[in-house]
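Take a look at the letters that make up each chain.
2 protein chains.
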Amino acid sequence: MPDVQNQQILLASRPTGMPTPENFRIVQTPVPEPADGQLLLEILYLSLDPYMRGRMDDAKSYARPVEIGAVMEGGTVARVIRSRHSEYAPGDIVLSHSGWQRYALSDGENLRKLDPALAPISTALGVLGMPGFTAWAGLLQIGQPKPGETVVVAAASGAVGSAVGQIARIQGARAVGIAGGPEKCAFVRDELGFDAVIDHRAPDFAQQLADACPKGIDVYFENVGGQVWDAVFPLLNDFARIPVCGLISQYNALPQAEPGPDKLALLMRDVLKKSLTIRGFIQREFAALRPSFLREAGQWIEEGRLRYREDIVDGLERAPAAFIDLLQGRNFGKLVIKV
Amino acid sequence: MPDVQNQQILLASRPTGMPTPENFRIVQTPVPEPADGQLLLEILYLSLDPYMRGRMDDAKSYARPVEIGAVMEGGTVARVIRSRHSEYAPGDIVLSHSGWQRYALSDGENLRKLDPALAPISTALGVLGMPGFTAWAGLLQIGQPKPGETVVVAAASGAVGSAVGQIARIQGARAVGIAGGPEKCAFVRDELGFDAVIDHRAPDFAQQLADACPKGIDVYFENVGGQVWDAVFPLLNDFARIPVCGLISQYNALPQAEPGPDKLALLMRDVLKKSLTIRGFIQREFAALRPSFLREAGQWIEEGRLRYREDIVDGLERAPAAFIDLLQGRNFGKLVIKV
Numbered sequence: 001m002p003d004v005q006n007q008q009i010l011l012a013s014r015p016t017g018m019p020t021p022e023n024f025r026i027v028q029t030p031v032p033e034p035a036d037g038q039l040l041l042e043i044l045y046l047s048l049d050p051y052m053r054g055r056m057d058d059a060k061s062y063a064r065p066v067e068i069g070a071v072m073e074g075g076t077v078a079r080v081i082r083s084r085h086s087e088y089a090p091g092d093i094v095l096s097h098s099g100w101q102r103y104a105l106s107d108g109e110n111l112r113k114l115d116p117a118l119a120p121i122s123t124a125l126g127v128l129g130m131p132g133f134t135a136w137a138g139l140l141q142i143g144q145p146k147p148g149e150t151v152v153v154a155a156a157s158g159a160v161g162s163a164v165g166q167i168a169r170i171q172g173a174r175a176v177g178i179a180g181g182p183e184k185c186a187f188v189r190d191e192l193g194f195d196a197v198i199d200h201r202a203p204d205f206a207q208q209l210a211d212a213c214p215k216g217i218d219v220y221f222e223n224v225g226g227q228v229w230d231a232v233f234p235l236l237n238d239f240a241r242i243p244v245c246g247l248i249s250q251y252n253a254l255p256q257a258e259p260g261p262d263k264l265a266l267l268m269r270d271v272l273k274k275s276l277t278i279r280g281f282i283q284r285e286f287a288a289l290r291p292s293f294l295r296e297a298g299q300w301i302e303e304g305r306l307r308y309r310e311d312i313v314d315g316l317e318r319a320p321a322a323f324i325d326l327l328q329g330r331n332f333g334k335l336v337i338k339v
Numbered sequence: 001m002p003d004v005q006n007q008q009i010l011l012a013s014r015p016t017g018m019p020t021p022e023n024f025r026i027v028q029t030p031v032p033e034p035a036d037g038q039l040l041l042e043i044l045y046l047s048l049d050p051y052m053r054g055r056m057d058d059a060k061s062y063a064r065p066v067e068i069g070a071v072m073e074g075g076t077v078a079r080v081i082r083s084r085h086s087e088y089a090p091g092d093i094v095l096s097h098s099g100w101q102r103y104a105l106s107d108g109e110n111l112r113k114l115d116p117a118l119a120p121i122s123t124a125l126g127v128l129g130m131p132g133f134t135a136w137a138g139l140l141q142i143g144q145p146k147p148g149e150t151v152v153v154a155a156a157s158g159a160v161g162s163a164v165g166q167i168a169r170i171q172g173a174r175a176v177g178i179a180g181g182p183e184k185c186a187f188v189r190d191e192l193g194f195d196a197v198i199d200h201r202a203p204d205f206a207q208q209l210a211d212a213c214p215k216g217i218d219v220y221f222e223n224v225g226g227q228v229w230d231a232v233f234p235l236l237n238d239f240a241r242i243p244v245c246g247l248i249s250q251y252n253a254l255p256q257a258e259p260g261p262d263k264l265a266l267l268m269r270d271v272l273k274k275s276l277t278i279r280g281f282i283q284r285e286f287a288a289l290r291p292s293f294l295r296e297a298g299q300w301i302e303e304g305r306l307r308y309r310e311d312i313v314d315g316l317e318r319a320p321a322a323f324i325d326l327l328q329g330r331n332f333g334k335l336v337i338k339v
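So the protein lines, in turn, are chains A and B. Going letter by letter, the first sequence gives residues 1 to 339 in full-length UniProt numbering. Going letter by letter, the second sequence gives residues 1 to 339 in full-length UniProt numbering.
Here chain A stands alone, though its shape is the one from the complex (with noise of 0.2 Å):
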């Protein structure tokens, strides 16, 4: 392919808070050519998501950061186009982690082939992706909500949080859904039919969520931290269970103590007087559960009980821009950089 060049983002140096264009640079790089038992990956699907952020920053987490001038990494869905390895062919769709770039060699490890047939081939990023697998277990796992239990979840209308609470719904739970404005607390009630939906832009934000959830709040799925957490602890039940997958609130600036009683020390104490269980997880760590998952999820969606909404922005080098959107809540469900 002598015409065609590489596109790639890379990470050129490290966002202090909100992450600016600056900190990506796009470069043109020739297409990498397969040794042996290698594949030529075309990217078609590129993921977005929330915990990009963490891999932005040099401190220590559960996965190392990604380098200065390195390619940005994500969740992909690419077509074969060229192989020298016995397991696949030109043409096959197949679930990768090859970043922010059009091109990626490959080894063939950790990759999945995936079925144009079963479902459109962007839901292995989102719904039947890793998504998809935090909100089933985490909810499922640690949060175990049993019938008639309340489940509440924020950013309700996002890749994770319409799964919960739809998932939550499934097991005979309440699911309450919070998200930011008119138009996406409408999909969260009409469309993904939860109980009730509550815009955490509203002055009155605590009362509603309180008036909403009148039996307490028995598992919150926290995902993103901040005034929506200072909201939903003071109604959490004793034996209330609280999956930790995000802090999407937290992650551009580490807020300063506010003046009153030490926050940490009210949290410990109702952890005590409560009983209450705070765990945090990544999906990884459940990785034997994926077949379950997709076996169940599959089918939820087959029956129409599990919705999803995808939201695909048209170009890679538009991928800078709508991350930053996405950290500011202005996606509008499962973000997808159609490459």
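Just to be clear, a hint being listed does not mean it is correct.
Remember, identical chains collapse to one label, so a pair may be satisfied in a single copy or spanning two.
[Unchecked claim] Dumping the calculated DSS-like pairs for lysine-lysine here, alpha-carbon to alpha-carbon at most 25 Å: (1) K274 to K215; (2) K146 to K273; (3) K146 to K274; (4) K113 to K338; (5) K113 to K146.
I should point out that these hints are in silico values taken from the structure, not numbers from a laboratory.
Chain A is fixed; fit chain B onto it per the hints.
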């Protein structure tokens, strides 16, 4: 018994911060007469435990507060002296929850007969009672220490902490204790056999703890809070488990937020990045496991692998002062009043 009077210690007023002797009132009352189906108990030993501080407050918790003017509650070992109940005879020794008094009626519910030949009867309030069971259940059910892991516990010479460290070692883990003063530290290291012990009064306490935990902390059994938590927190490993059974440093004052980063935000960030589990509990929720505990702990005591120390104070009237000492860490071993 015409000459004998009952002696009772009542809650006279609710404390603000650390209790004072004025919060208690000692009264003489007639010894009650058992009705049909009732027993009259003579209290031999009264257990004093940090959780009782919570019962003195008028705040929502997992247990109802003691009413003003009511007898302070507490676990007791008692002798049946009159019985109008078919299952108990005079002379029987029982574990009861009769509170801070010399005589009490019982309808036979929530009593457990003790065999004085098996172990000293006071141990039913300590290593074989609620504190021992709290240690066993919290450590094994929530902490789940694995061989080679590091377990940290404070108040390590106390009723719960001493059992936590020894049971951790029986599981093959490394036990690091925290205690106050050279005498308690020597006991924890030399008598209880902890792998390391740190004096929390040392000016370089946090550094000493870090040095004693070169591979980080996998289980922190939380029973004190405050400065111990601050030293433990940065040492927690990925997937660390934190059973929370008490916060004795916080019972008497709610700390004000300090300037600087919001400790709650820092906590939640690490919960997420390290996949931490924080789980408040009370031993009652594990009640079904008590027979297993009694079997295991009884055997460990017999084998000399689970040691205990009692701090026996003579005279019911000394209970208020002894309880205040307990909250200030001045007891040494499981505090029991010999009534």
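Against the structure, the hints come out as follows:
no.	hint	verdict
1	K274 to K215	within (15 Å within a copy, 32 Å between copies)
2	K146 to K273	within (21 Å within a copy, 28 Å between copies)
3	K146 to K274	within (18 Å within a copy, 27 Å between copies)
4	K113 to K338	within (19 Å within a copy, 72 Å between copies)
5	K113 to K146	neither (35 Å within a copy, 37 Å between copies)
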